[in-house]
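Going down the list, the protein sequences come from chains V and Z.
Just so we're aligned: the first sequence equals residues 0 to 329 in numbering that gives the first Met the number 0.
Just so we're aligned: the second sequence equals residues 0 to 171 in numbering that gives the first Met the number 0.
One thing to keep in mind: the hints can contain errors.
As the list claims (entries may be wrong) - Residues from chain V that face chain Z, not an exhaustive set, calculated with beta carbons under 10 Å: (1) SER121; (2) THR168; (3) GLN271; (4) ILE275; (5) GLY278; (6) LEU279.
As the list claims (entries may be wrong) - Far from chain V, some chain Z residues (derived; all Cβ distances over 10 Å): (7) PHE6; (8) LEU7; (9) GLY13; (10) ALA15; (11) GLY40; (12) MET44; (13) ALA61; (14) MET71; (15) GLY92; (16) ASN131; (17) GLN146; (18) LEU151.
Since the hints were derived computationally from the structure, they do not count as laboratory data.
None of the values given here were measured: they were computed from a predicted structure.
Glycine included, each C-beta is placed from N, C-alpha and C at the ideal position.
Here is how the chains run, residue by residue.
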Amino acid sequence: MLEILNQEPIRFILAFGATIFLVLNLAAILTMAERKVAGYIQMRYGPNRVGPRGLLQPAADVFKLFTKENLAPTKADLWTFLIAPIAMFLPAALVWIVIPFAPGAVIADLNVAIVFFLAITSISSLGIIMAGYGSRSNFSLLGALRGAAQIVSYEVPMILSLLGVIMLTGSLSLVDMVSNQAGGFWNWHFISQFPMFLVFYIAGLAEVQRVPFDLAEGESEIVGGFQIEYSGMTWGLIQAAEFAAMGVISAVAATVFLGGWQPPLPFLDLGQFNFIWLGLKVSLIIFTFQLIRWSLPRFRMDQLMDLGWKILVPICVAWIFVTAAAMLVF
Amino acid sequence: MIVAFGFLASMSLGCALGVVLSRNVIHSALFMSGSFLGIAGFFVMLNAPALAAFQVLIYVGAVTVVILFGIMFTQRPSVSSFRTIIQRQHMPGLVVAAGLAVFLSYIVSVQEWGGQTEPGQGPQETATFGENLLGVGGPEIFGLLFQVSAVLLMVSIVAAVVISRRKTDEGG
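If we strip away everything but chain V, and leave its shape as in the complex, we get:
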């Protein structure tokens, strides 16, 4: 009976539908996590009215967003304006299909999974430009140009930072990368590739426009950037896209550098339940993202570009040579 579910088109469609569903929920839960972490950092409780200790807050938020009216500026380019949130959300959801959750549990085991991840994340800058142009507002356009320039420049250190692990693994597949890190946390790539891990982390922060890099929003300068004209559920979808992108970057960082679903010590192997380890690692990375958001100020545009091009890229190139020399010697 259940055999039919494992046949190819049905398996893929089911798994993909489940992924979209989970990513939407992830985004909703992360909004609450964000507010809770912010609350505790600022010595208050955060949302605590809806449900036990405020746990049902996301449901209330989504319900509120659905009941609000979707406004669009009269001069807006309506189709571009409305498609932009979807063009931002879909890439963040698509990357999940190449992440291995547990042994053998991956929706699509591509031989070029890393390139797929880079390709799909590069589409999201298109969504930002569409939002900025579609709203026909100067603030939006300014925010969109900032955001797109930032994403395009930080793609370079991000790609370079993955090269070290690709050289060590000899494969572009995420499944191979995870099995390459088996046997305890001292085999994980973040030890031998620590500078690359830091660069990937920083470039990932910039790629998802989290706080030290949120120049595209810049609420004190350009009052919200590309999302200024959005309201109701379209705004909700943009927020969901940002949180989902944060989840994706954390998942890729955990898979490439922190061993994916591999347990930290060999005797902690949980079989199919190893997805718990992946979940723990992803949550840890997301938590550090949130800590950074609530404790650091925003970069200036020139500082942002300097950091990307003059610090991160040279570190990556130097460490590629170190890795190559180490591979040659050992």
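Chain V is already provided as a structure; the job is to place chain Z on it using the hints.
For chain Z alone, coordinates are given in the frame of chain V:
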């Protein structure tokens, strides 16, 4: 398969028509990215995920974004729409399109394709991947092309540095 092919074909062709027919440059560029995405979908159907990924990475993620940047930086944001003068060159366009159609039909129908090969997932190891890319063991022309493109990229990087260099003094 037929459904997917129909969807991708109509998407690429519809978006390609949109590029030509829309009166707004930004819309043209966005339609172009849709057309590129459709072509990437074809590569996925042909079991060539690497080509599909590079198609998306380079054409959708880089070329379209750079075109959009160019348009947005060169036009004032306050203008109500980004219009251009569309050159109406029916006859040369028709000739080019017909020539391309004849050429492609020739390649698909007349040209010998050799033996039937089963499409596969492609090499799993980056070593074989790179060797295939550089044509190791076959004609060595790919290595030369690789080096030529590397030199081209180097020249463009140096040119970008020279152009964006801050002038230290007058006439410097």
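Legend entry - Enumerated hints in conflict with the structure, sorted upward: Per hint list: 3, 4, 5, 6, 13 and 14 violated.
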